[in-house]
Amino acid sequence: MQAEPLSMPESTLPPPILQVSGLHKWFGSLHVLRGIDFSVAAGERVAIIGGSGSGKSTFLRCLNFMEMPTAGRIALDGTPLGRAAAGRPDEVRYPEGELCQVRERVGMVFQQFNLFPHMTVLENAMEGLVTVKRMKKAEARERALRELDKVGLGGKTDVYPGRLSGGQQQRVAIARALAMEPEILLFDEPTSSLDPELVGEVLRVIRQLAEEGRTMLLVTHELGFAYHFATKVIFLADGVFHEVGTPDEVLKHPRQERTRAFLERFTEFSF
Amino acid sequence: MEYSFDFALVVETFPILMRGFLVTLQLWLPSLAIGLAAGFLLALARLARSRLLRGGSLVYIELFRDTPVLIQLIWFYYAFPILIGVQLSPFAAALLALALNTSAYGAEIFRGGIQSIARGQWEGAKALGMRHADVLRRIILPQVFKLMLPAFTNRAVEVAKMSSLASVLSVHELMYQGRLLSSTYYRPFEILTTVAVVYFVLIYPATFLSMTLERRMAGKG
Numbered sequence: 001m002q003a004e005p006l007s008m009p010e011s012t013l014p015p016p017i018l019q020v021s022g023l024h025k026w027f028g029s030l031h032v033l034r035g036i037d038f039s040v041a042a043g044e045r046v047a048i049i050g051g052s053g054s055g056k057s058t059f060l061r062c063l064n065f066m067e068m069p070t071a072g073r074i075a076l077d078g079t080p081l082g083r084a085a086a087g088r089p090d091e092v093r094y095p096e097g098e099l100c101q102v103r104e105r106v107g108m109v110f111q112q113f114n115l116f117p118h119m120t121v122l123e124n125a126m127e128g129l130v131t132v133k134r135m136k137k138a139e140a141r142e143r144a145l146r147e148l149d150k151v152g153l154g155g156k157t158d159v160y161p162g163r164l165s166g167g168q169q170q171r172v173a174i175a176r177a178l179a180m181e182p183e184i185l186l187f188d189e190p191t192s193s194l195d196p197e198l199v200g201e202v203l204r205v206i207r208q209l210a211e212e213g214r215t216m217l218l219v220t221h222e223l224g225f226a227y228h229f230a231t232k233v234i235f236l237a238d239g240v241f242h243e244v245g246t247p248d249e250v251l252k253h254p255r256q257e258r259t260r261a262f263l264e265r266f267t268e269f270s271f
Numbered sequence: 001m002e003y004s005f006d007f008a009l010v011v012e013t014f015p016i017l018m019r020g021f022l023v024t025l026q027l028w029l030p031s032l033a034i035g036l037a038a039g040f041l042l043a044l045a046r047l048a049r050s051r052l053l054r055g056g057s058l059v060y061i062e063l064f065r066d067t068p069v070l071i072q073l074i075w076f077y078y079a080f081p082i083l084i085g086v087q088l089s090p091f092a093a094a095l096l097a098l099a100l101n102t103s104a105y106g107a108e109i110f111r112g113g114i115q116s117i118a119r120g121q122w123e124g125a126k127a128l129g130m131r132h133a134d135v136l137r138r139i140i141l142p143q144v145f146k147l148m149l150p151a152f153t154n155r156a157v158e159v160a161k162m163s164s165l166a167s168v169l170s171v172h173e174l175m176y177q178g179r180l181l182s183s184t185y186y187r188p189f190e191i192l193t194t195v196a197v198v199y200f201v202l203i204y205p206a207t208f209l210s211m212t213l214e215r216r217m218a219g220k221g
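So the protein lines, in turn, are chains A and B. Each residue of the first sequence is one higher than the one before, starting from 1 at the first, in full-length UniProt numbering. Each residue of the second sequence is one higher than the one before, starting from 1 at the first, in full-length UniProt numbering.
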């Protein structure tokens, strides 16, 4: 189950921000994640690929506790999160305040955007700043505007999300996450619910973030994008890391039969 | 069929009916306000993680929804002194019964409304680091309120009419005065027609206000 050693371009990596050990997730009798060890350091960009039902979204969602791990521990800056119940090391309790702190530092962009429909674009981007960071309205507004400008929606600030295209909505969602200045950004199939012609505008924004050196994890079916985006690619199958390596290793020269079979199904992508 | 509507009687008894009207108002608005506030807390209990809270609130809600209000009113007046040795005034007993009954229905309105909001809204907010209570306050309830308004209006109308049952406890509200007057003057037609008109005049503004609010909110979001 242990991921093979990574060959990173740099020989010295900064210490990991987020560390996962022995992660399992059960949904009732369904064993979705079957023991995952993983860590991500500042500046890394990880693309997670795999078939539907492989557990890739569940894995990502465990990292900011959108799903509660059934077993295993997650550590932020070396400090394990949650407290194990006395005598039952598998039963970890997570105080709400701790989860909120993690989520503040580990942002997420969803497949379905999850914008707040009763707030304008600007209010959406300000919400976390005002409610979570207790920032003054004026200051929050300034920062939200900056992020909206960055995703190319500076002109849509007073519009309600319902009036925007899917691509625009997703860019607002990215700006909303960015405004919190997270150390890690998680993207859960950010383009999967978009019409094909809108995929490009969202990927362009993500690429721009990559150029800034942001730490990101991306679950995606866009293998071509993953190739150019990632510093590391993980192929997840049956709830374990089946193959891990550089984009070149995993996507172009996969060693595992299973990875090869998966990639062959994507005939339309090109590097 | 020759029947002459006795308008003079209506004019003569009107001040007494107005006194009843005021008592009805005193029953209606507080029981509605208390009931809905308590209903909100009950709905939170219904949706809580604790099995005890969920079970307890469910029993409470079903008890009040599945028994006649008339019995609840009488019960609070007559059974309370026996059970806990506290004799409530007829008005207090009626107010309590109406408020508690409203809380049971209000809880179901809130619960249905909160549950109707897609899970993604909770996730979108929590992913920003928002606490449960903040998500509820900032994200869920503002969206739910619009959806719940028609149901709240229904409840308000129901409670206004239900308050007439307090007449069986001799609370001097509108219905009580109406029954008293109609048996005093043997003119139930005039008196009760007037009473019905007064109820209408009481309730209609509430529904009108609600419709206006609904229209105004429909334009947003």
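Take the hints with a grain of salt, since some may be wrong.
Claimed, not checked - Okay, derived cross-link-like pairs now, DMTMM-like style, lysine to aspartate or glutamate, Cα gap no bigger than 20 angstroms in a straight line: (1) A/LYS137 / B/ASP134; (2) A/LYS133 / B/GLU2; (3) A/LYS133 / A/GLU183.
Worth flagging that the hints you see were computed from the coordinates, not collected in a lab.
Checklist entry - When you check the alpha-carbon spacing of A/LYS133 and A/GLU183, does it fall within 20 angstroms? => result holds, 15 angstroms
Checklist entry - Holds or violated: are the alpha carbons of A/LYS137 and B/ASP134 at most 20 angstroms from each other? => result holds, 17 angstroms
Checklist entry - CA of A/LYS133 to CA of B/GLU2, is that 20 angstroms or under? => result violated, 77 angstroms
The structure shown violates just one earlier hint, number 2.
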